[in-house]
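**Student:** Use the sequences and the hints to build the structure in full.
Which chain is which? The protein sequence lines are H and Z, in order. Each number in the working numbering comes from the position in the first sequence (counting from 1) with 48 added on. Each number in the working numbering comes from the position in the second sequence (counting from 1) with 48 added on.
One thing to keep in mind: the hints can contain errors.
All copies of an identical chain are treated as equivalent in the list; a pair is satisfied when it fits inside any one copy or across any two copies.
What the hints assert, rightly or not - The list that follows gives simulated cross-link-like pairs (lysine to any residue, SDA-like), each with its CA atoms no further than 20 Å apart: (1) Lys-182 <-> Gly-289; (2) Lys-182 <-> Asp-232; (3) Lys-182 <-> Ser-90; (4) Lys-120 <-> Ala-293; (5) Lys-120 <-> Glu-224; (6) Lys-120 <-> Lys-182.
Think of the hints as simulated: they come from the structure by calculation, not from any bench.
Protein chains: 2
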Amino acid sequence: MNETEPADPTAPAAKKRSGYRRLPVQQRREQLISVALALFASRPPEEVSLDDVAEASGASRPLVYRYFAGGKQQLYEAALRSAAEELTERFRLSVQGTPTEQLGAVLDGYFSFVAEHDAGYGALLRGGSVVETKRTTAIVDEVRRTALRRTLRYMGVREAGPRLTLLVRSWISVVEAAALSWLDEGRQIPPAELRDWLVDEFVAMTATAAGHDPQTAEVLAGLLALEGPGGRAALLLARLGALPADR
Amino acid sequence: MNETEPADPTAPAAKKRSGYRRLPVQQRREQLISVALALFASRPPEEVSLDDVAEASGASRPLVYRYFAGGKQQLYEAALRSAAEELTERFRLSVQGTPTEQLGAVLDGYFSFVAEHDAGYGALLRGGSVVETKRTTAIVDEVRRTALRRTLRYMGVREAGPRLTLLVRSWISVVEAAALSWLDEGRQIPPAELRDWLVDEFVAMTATAAGHDPQTAEVLAGLLALEGPGGRAALLLARLGALPADR
Numbered sequence: 049m050n051e052t053e054p055a056d057p058t059a060p061a062a063k064k065r066s067g068y069r070r071l072p073v074q075q076r077r078e079q080l081i082s083v084a085l086a087l088f089a090s091r092p093p094e095e096v097s098l099d100d101v102a103e104a105s106g107a108s109r110p111l112v113y114r115y116f117a118g119g120k121q122q123l124y125e126a127a128l129r130s131a132a133e134e135l136t137e138r139f140r141l142s143v144q145g146t147p148t149e150q151l152g153a154v155l156d157g158y159f160s161f162v163a164e165h166d167a168g169y170g171a172l173l174r175g176g177s178v179v180e181t182k183r184t185t186a187i188v189d190e191v192r193r194t195a196l197r198r199t200l201r202y203m204g205v206r207e208a209g210p211r212l213t214l215l216v217r218s219w220i221s222v223v224e225a226a227a228l229s230w231l232d233e234g235r236q237i238p239p240a241e242l243r244d245w246l247v248d249e250f251v252a253m254t255a256t257a258a259g260h261d262p263q264t265a266e267v268l269a270g271l272l273a274l275e276g277p278g279g280r281a282a283l284l285l286a287r288l289g290a291l292p293a294d295r
Numbered sequence: 049m050n051e052t053e054p055a056d057p058t059a060p061a062a063k064k065r066s067g068y069r070r071l072p073v074q075q076r077r078e079q080l081i082s083v084a085l086a087l088f089a090s091r092p093p094e095e096v097s098l099d100d101v102a103e104a105s106g107a108s109r110p111l112v113y114r115y116f117a118g119g120k121q122q123l124y125e126a127a128l129r130s131a132a133e134e135l136t137e138r139f140r141l142s143v144q145g146t147p148t149e150q151l152g153a154v155l156d157g158y159f160s161f162v163a164e165h166d167a168g169y170g171a172l173l174r175g176g177s178v179v180e181t182k183r184t185t186a187i188v189d190e191v192r193r194t195a196l197r198r199t200l201r202y203m204g205v206r207e208a209g210p211r212l213t214l215l216v217r218s219w220i221s222v223v224e225a226a227a228l229s230w231l232d233e234g235r236q237i238p239p240a241e242l243r244d245w246l247v248d249e250f251v252a253m254t255a256t257a258a259g260h261d262p263q264t265a266e267v268l269a270g271l272l273a274l275e276g277p278g279g280r281a282a283l284l285l286a287r288l289g290a291l292p293a294d295r
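**Tutor:** What follows is the structure in C-alpha cells.
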C-alpha cells in the first residue's frame, strides 16, 4: 500500500496549481471514499456521481474513474463497506460502568454515526435505492449480525436459543427504527433522550421476554445483579410494576 | 371488467384439451397474480419467470406476456400490490375483547399472512432483491404507514407526537423482526407464543415509553382502564415490577 499513484497526465495545469497532489494509492482511495460519504450524507446515493466526487475532492475525473472503474456502484459499495467498518468499530464496549451505562455508551456512538451520515444512513436502511444490490444488503446484514453477536456477548451469552436471538434482533430493529424516525422527524428528540429511552426499552423488552424463556430469565438475573438494587434497570422495572395501581 | 380475454391463437391444442379456458380479463389477471404469489412463497422473486407462471397456471406463455408486457418486474409489482392489500385487510380489528385480545387477533392475521407468503415475505422485507425498486419500497412503506395509523387508532390517538410515533414505529419493527427471525429459524417458536410475546412487548414498550412522554402515559392509562385490574397488561406489569426483588 506504499505505492504512489502515477502522475495524472490529464489533470489540467490549473488544477495542478490549485493543489492537486500525488497521493499514495491507499490514501487517495480513502480520501475519495470519505468525500463520497460526505456527499451521501446530504443526497441519496443514486444522485451522487463520480464527477461530483472528483469535483468535491479536487481530483481529476479520469483519476476518480481509474479508482472506481466499476462506476458509481463500485464507489457506493466501497463507501458502504468503509461506513460499515466504522460503525462496527463504535460497537466496541467501554469496559467501565454498569450494563445500562455501557449500553448507553454504545448507543451514543451509534447515534453520532447516524447524525454524521444522515441521508446516507436513511437510504441504506430504507432500501429500494437504485444502487442497492445483494452485495450492499449483505454488507448491512453483516453489520446487523455483528450487532447481534456483540449484544449477546455483552449479555454474557455464549449460545443463544431462538427466543433470546429473537429478543436481541427485535431490540436492534427498535434501535434502527428509532434512528430512522429520528431523522425523518427532523431530529426533534434530543439524542441523549433517545439513548435513555432505548436503554430502558432494552431492559423492559428483556424483562418481558424473560417471562417466556428461561435462558432470557437467566441473562436478566445476571444483568440485574450487576446493576444493583438501586440501579437504572431495577428502578425502571419497579416503576413499571407500580403503573397499574397508579391509575 | 366483464371483458373476456380473446381466444389465445397460440395456445396448443393439447393445452386447450387439458383445460385451457377463456376467462374474464380481471379474473385471469387475479389468477396469474395468485399463481405468482404462490411461487414467490418458495423461491426468491428474481428466480420466478413469466414462463414459470405460465406453466403453473396452465395459461399459454404469450397470454401471460400479454398481461404483463412489462415483464417480471411488472408481475412482481402487481403481486406485491395484491399482497399488500390483503395484508392491510388483515389489520382490521375485531370489535370485541380487551385491547390486548384485539391486538392478539390482529397479530394472528399477520402471522398467517407471513406463514402463507414465506420466502416472498422475507425477500420483500430484507430488500436487496433485483426486483426491488423505489416503487416496490413505496408499496411496503405504505403498508407500514397503514399499520402505524391503525395501531394509533387502536390506541385511541388522533394526533401522535414524535415520541408516541417513535414508540409505535418501533413496535411495528419488532413485529417485522420477529416474523423474519421466525422464518429464518425454521418456525421453531409456535405462532401463538410469538403472538403473546409481541402483545406483552407492546405493553412493556408502551409502559416504558410512558415514563418519557405524557401523551404515551395518557394512552397507557386508557388501555389499562379498558383491560381492567386483573387483565393481561396489569398482570404483566406487576410481574415486571416484582423481578428485581425476585432475584
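**Student:** Indicate, hint by hint, whether the structure satisfies it.
**Tutor:** Against the structure, the hints:
| no. | hint | verdict |
| --- | --- | --- |
| 1 | Lys-182 <-> Gly-289 | neither (45 Å within a copy, 45 Å between copies) |
| 2 | Lys-182 <-> Asp-232 | between (25 Å within a copy, 17 Å between copies) |
| 3 | Lys-182 <-> Ser-90 | between (24 Å within a copy, 18 Å between copies) |
| 4 | Lys-120 <-> Ala-293 | neither (59 Å within a copy, 57 Å between copies) |
| 5 | Lys-120 <-> Glu-224 | neither (26 Å within a copy, 31 Å between copies) |
| 6 | Lys-120 <-> Lys-182 | both (16 Å within a copy, 18 Å between copies) |
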